[in-house]
Amino acid sequence: MMVVREDVLLINHPTAFGSYSGTRVNASVQVFPLISYACLAAILREKNFKVSVLDLGIEDEPYRLLDRVLDEKRPRIIGMTSTTALFLEVAELSRMLRKKLGNQVKLVLGGPHPSVLPKESLAASEFDIVAVGEGDMTIVEIAGGKKLSEIKGIYYKEGQEIYATAPRPAIKDLDSLPFPALDMFDIKRYRCPRLVSRKNPMAKVMTSRGCAFNCSFCGKGIFGRSVRYKSPARVIDEIKYDLSLGYQEIHIIDDQFTTDMPRAKEICRLILKEGLKFPWNLAAGLRVNCVDEEFLRLAKRAGLYQVSIGFESGDQACLDSIDKGITLEQGIRAMELVKKVGLESVGFFMFGLPVETEESMKRTINFALKLMPDLAKVTITMPTPDSRLFQQFDRMGLIKSRDWSLYKLHGGGAVYRHPNLSHQVMNRYYDLFYFKFYFNPKWLFKRLMKGIKDKTLGVDLIYALQTFFPGLFKRQPIA
Numbered sequence: 014m015m016v017v018r019e020d021v022l023l024i025n026h027p028t029a030f031g032s033y034s035g036t037r038v039n040a041s042v043q044v045f046p047l048i049s050y051a052c053l054a055a056i057l058r059e060k061n062f063k064v065s066v067l068d069l070g071i072e073d074e075p076y077r078l079l080d081r082v083l084d085e086k087r088p089r090i091i092g093m094t095s096t097t098a099l100f101l102e103v104a105e106l107s108r109m110l111r112k113k114l115g116n117q118v119k120l121v122l123g124g125p126h127p128s129v130l131p132k133e134s135l136a137a138s139e140f141d142i143v144a145v146g147e148g149d150m151t152i153v154e155i156a157g158g159k160k161l162s163e164i165k166g167i168y169y170k171e172g173q174e175i176y177a178t179a180p181r182p183a184i185k186d187l188d189s190l191p192f193p194a195l196d197m198f199d200i201k202r203y204r205c206p207r208l209v210s211r212k213n214p215m216a217k218v219m220t221s222r223g224c225a226f227n228c229s230f231c232g233k234g235i236f237g238r239s240v241r242y243k244s245p246a247r248v249i250d251e252i253k254y255d256l257s258l259g260y261q262e263i264h265i266i267d268d269q270f271t272t273d274m275p276r277a278k279e280i281c282r283l284i285l286k287e288g289l290k291f292p293w294n295l296a297a298g299l300r301v302n303c304v305d306e307e308f309l310r311l312a313k314r315a316g317l318y319q320v321s322i323g324f325e326s327g328d329q330a331c332l333d334s335i336d337k338g339i340t341l342e343q344g345i346r347a348m349e350l351v352k353k354v355g356l357e358s359v360g361f362f363m364f365g366l367p368v369e370t371e372e373s374m375k376r377t378i379n380f381a382l383k384l385m386p387d388l389a390k391v392t393i394t395m396p397t398p399d400s401r402l403f404q405q406f407d408r409m410g411l412i413k414s415r416d417w418s419l420y421k422l423h424g425g426g427a428v429y430r431h432p433n434l435s436h437q438v439m440n441r442y443y444d445l446f447y448f449k450f451y452f453n454p455k456w457l458f459k460r461l462m463k464g465i466k467d468k469t470l471g472v473d474l475i476y477a478l479q480t481f482f483p484g485l486f487k488r489q490p491i492a
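Per the working numbering, the very first residue in the sequence shown carries number 14; after that it's consecutive.
Hints in this document: simulated from the structure, not taken from any laboratory. There could be a bad hint or two in this list.
Beta-carbon label-pair distances, calculated as ranges [to be verified]: (1) L256 to E349: 30 to 36 Å; (2) D199 to L382: 38 to 44 Å; (3) D84 to L285: 34 to 40 Å; (4) M409 to L382: 28 to 34 Å; (5) A179 to L445: 45 to 51 Å; (6) R408 to A179: 24 to 30 Å; (7) R314 to G426: 44 to 50 Å.
C-beta atoms are modelled at their ideal positions from N, C-alpha and C, and glycine is treated no differently.
Produce the complete structure using the sequences and hints provided.
Rendered as structure tokens:
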């Protein structure tokens, strides 16, 4: 019997969801279908290519399954994505794939890390092609056999040489893209903790691409600074599609959902008009200068229950040093509005910003206690290569290591020398933040009352153990 080769196999690497196990964010790690693969699979399927997604991140024996799937499908093209912290693992996987399938397969890599370091990524792996930035149309042209030199937005190997093509323009009309192919995932196997998701399974929805703001710690290598929006009607249709597949909750992961406030309000009105009943979450981080009370009330009526807020620091000089473009007063006002409306909140904070000192870290801890969000996360700043902060530190001679496996947002290594602080001191304040916030009597009382009301005291205890003793209590999803 003749076996029909698959055109494209998209592979998610084995530790995609486990890289933060054993850290302070152990309890809140989410397991979800990757929207990037869902977008690529959708447009390939629309163009009549045979495509599938293999998520090794949810498998107990990923390499045994990988071996079997490769034997069965013998794909012409394998696509993967990579952040900086996971690049070395992805590169090693490319060598395994090459050994298994030889030169009959074309290996394609995309994502934040290779988009900013395409030549290095090709040289340090067996990948044949790096897709820079948005990969929707790039992967279609590769699958269609278009001559590589004529495909915009790629770097590719030819013998011992690496060549680059002209940049690919950003996709302007996002409504023209098909719905992400979330039907290709076994949704029963994706579970998130109750800390960050009321219902399972959860689907992530991106209603815009690009970010016009200029935070120096944030990379823009994929979608750039040109903001493009899906229309409100398209957003509602996409949400309805996801709900029809059996997803129970929606997380909006835009950088810019509330920047166009009239559009954000219209989406909420359409949810109400359509009579859609589902919990949703602004998970990517609400900008404190892009929020108003009318929106929050409207969104809550439409099912919004939790917002994440990027406060970053309790020190204005630190905020200014990363070009965040916000003030402490705006942060206080945003928190007041969220509490007034009655939404749950997650506060994001950072240590190790360019002008950070011990005094400014103390101010950030006190600021978090003053704001008192329902949950708080702090991370030691990690200047990844796709950020301006990395370039700044590199010019100053502060980058000490290019061992990309150490570039994790939580539990990362001392990859740079801070201008004012040792890594040991930052780690000490990192632990102090969690201790002072979560053992604060005001927070403990509020959480106790919530646990009694919601009957979640037992679950809260498990999450506490996973947060403060992450090495002993590894996270297991609680449905």
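Consistency of the hints with the structure:
no.	hint	result
1	L256 to E349: 30 to 36 Å	33 Å, holds
2	D199 to L382: 38 to 44 Å	42 Å, holds
3	D84 to L285: 34 to 40 Å	50 Å, violated
4	M409 to L382: 28 to 34 Å	33 Å, holds
5	A179 to L445: 45 to 51 Å	50 Å, holds
6	R408 to A179: 24 to 30 Å	28 Å, holds
7	R314 to G426: 44 to 50 Å	46 Å, holds
Checked against the numbered hints given earlier, this structure breaks only hint 3.
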